[in-house]
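Colleague: First to last, the protein sequences are chains A and B. The numbering of the first sequence is the numbering used here, which starts it at 1 and goes up by one. The numbering of the second sequence is the numbering used here, which starts it at 1001 and goes up by one.
Possibly wrong hints are sitting among the right ones.
[Stated by the list, open to error] Which bits of chain B does chain A cover? Going by a derived footprint, with three or more residues having C-beta under 8 angstroms, they are:
1) 1233-1241
2) 1302-1310
3) 1409-1417
What the hints contain is simulated information worked out from the structure, not anything from laboratory work. For each residue, glycine too, the CB sits at the ideal point set by N, CA and C.
Given next are the chains, with one letter for each unit.
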Amino acid sequence: MRLLDVEVGTWVKVIGFEGTEKFQDRLLQHGLYPGDQARILRAAPLNGPLLVEVSGRELALGRAVAQKILVENVE
Amino acid sequence: MRFALVGRPNCGKSTLFNQVAGYKAETGNFHGTTVNFTESKVRVVGDVINLVDLPGTYTLAGSNPAEAVAKNYLASNEVDVIINVADASHLAQSLELTLELLAVKRPVVLALNMMDEAMRMGLKVDGPGLEKRLGIKVVPLIASKGRGVKGLFLASKDAVDVHPEYGLRFSAFEDEALARHIAGQELAAEFVHQGERNLTLRDRLDDVLLHPIWGYATLLLILLAFFQVVYGIGRLLEPPLLAFFDRLMFVAAAPLGPLSFWGVVVSGILQGVTAGIAIVLPYLLPFLLGLGLLEDVGYLPRVAFLMDSLMHRIGLHGKAIVPFILGYGCNVPAVMSTRTLEEPRDRLMAAALATLVPCAARLAVVFGLVAFYLGPLPALGLYIFNLFVIALTGRLLTRLLPEDTPGLILEMPPYRTPTLRAVFNKAWFRIREFVVEAWPTLIAGSGVLAILSYFNLAIYFNLLARPFTWILGLPSVVGVPLIFGILRKELSLVMLGQALGTMNFGSVMTPAQIFTFTVFVMFYVPCVATLIMLRRELGTKGMLWITLLTVVVALAAALVARGAALLLL
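Let the sequences and hints guide you as you build the complete structure.
Modeller: What follows is the structure in structure tokens.
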């Protein structure tokens, strides 16, 4: 599953990223790591970015970015 | 003694720096690089300390050259103590950088900043426990209110020459981002306890400010208020300033003979001085203060969030909205603000498109020509046409320079109460850049133009501009106002009277000509001050490239305008 497909408010666990190494590094630098729990707080209209909560912080991620983040459900 | 401030972006490091630094701070580059830092002499508890503010960084081990430079600098003996500013409300992430700093094997003091924020979130941080575990001094801090600053500097002085043994214990983390991440989480889990959390003001504010409808409505209102206030200040300041300098020019040139060589040179140079002041005081200062305020409150990332989707349509992402907003006031701060974009390609694109945004000076030309002779509707149409041209140029540029990043990744900081001091200091640093870099060139350029016009060489400008004026069906005498317009955009209007020999432009130019001329002025070559900032931010090549682009765009847009005007007017 991809972060883009997750419904607003549902907690998921990040399991990995796709894309270039440089792109993955940027996600790591912004504090998004495999194993972290995340949820979408809100989405901007017209295919705008998603506001994502990760370990108490909020990150705005473009949809193409969220498309490259692989997640799984948490029980 | 030299202390260096290191921390993640948004940790309040610059707030701390601005609290203690005087206005004497110097911006410099690391030797042989474009990575810059700010240094200031600070008088604290009886000592004078050189305090270095390094750019905010998430890691020392990243691919970014700035991070490598910062790491080498910290490891050198030039720095006596590293002050690591951490965001206590997000300690797990902040500690990752701390672990990396420990591996540098220099004295480190950890400042837990934003303790007030952490308390509001119900977090209890066990400072002494952390101190024991890390083996370094840990100090609480609320930089925005100036609390704990003295204690931090006292602790830092004590840390000088205390050669740490912890280095070995933590050096295993040096190359392992994931290991640091896990260790940071573990440390935070052990030393930070979550108490009762109250629903914050932030959640409630964001419900409105990021709302799909109300978010845009408030954005519009905030921008309107922003422009109303800063334009208002500009309009209040500009006329008396210009009147004063006109008078000064008259007084200075009179004894030399206003038409003598030296009279002309002196008034030319004063013209350049005036241009600088007429940019800095009415436009640059209020705009940069306003920007600093929006920045420190934490609103700008929200604007980026709201505008991201629109900006993608012209090949940029949300963070690039700031240069566009500023461009309507003055292109100089607009170009400066492209610095916040990470990718060189995005910086070039944003700067190129932002220079096409009509600044306040070009607004004066639009008002003086199109609105005055043709009415308010064509003037409004011109602004809409301008947006259209920018969007089209953005799309075409994206063909040449495809977007190479998937999109926006931006931390959304909590809202904060800005301190006046931090806002003023920030504006001052940016203005000083303009004064030091751009102003001298502006003055020299004015002098040269004055000499050229003294020897009647200025008429050759008409020849130089003839290919453009010919193709656009404009009288050849408008060449001189166009060239002078590069110095200061409103000179295109001011000099037009002189060139045409009458202030009633309607009697010598047809409505179609007036319209075409204004469209050309709206887009062609940025003013000298903007050119110099472009060169500073993008290098000579980038500056020339953008200049060429604006000429092509101006010509194409003016031809379209000429066709439309012939049909409609």
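Colleague: Please go over all the hints and tell whether each is borne out by the structure.
Modeller: Verification of the hints:
Coverage of the stretch 1233-1241 of chain B by chain A is violated in this model, with 0 residues showing a Cβ closer than 8 angstroms to a Cβ of that chain against a need of three. Under the rule that three or more residues need a Cβ within less than 8 angstroms of chain A, the assignment of the stretch 1302-1310 of chain B holds, with 6 such residues. A count of 4 residues in the stretch 1409-1417 of chain B with a Cβ less than 8 angstroms from any Cβ of chain A is obtained; the coverage claim is therefore met, three being the minimum.
The structure is inconsistent with hint 1 alone, although it conforms to all the rest.
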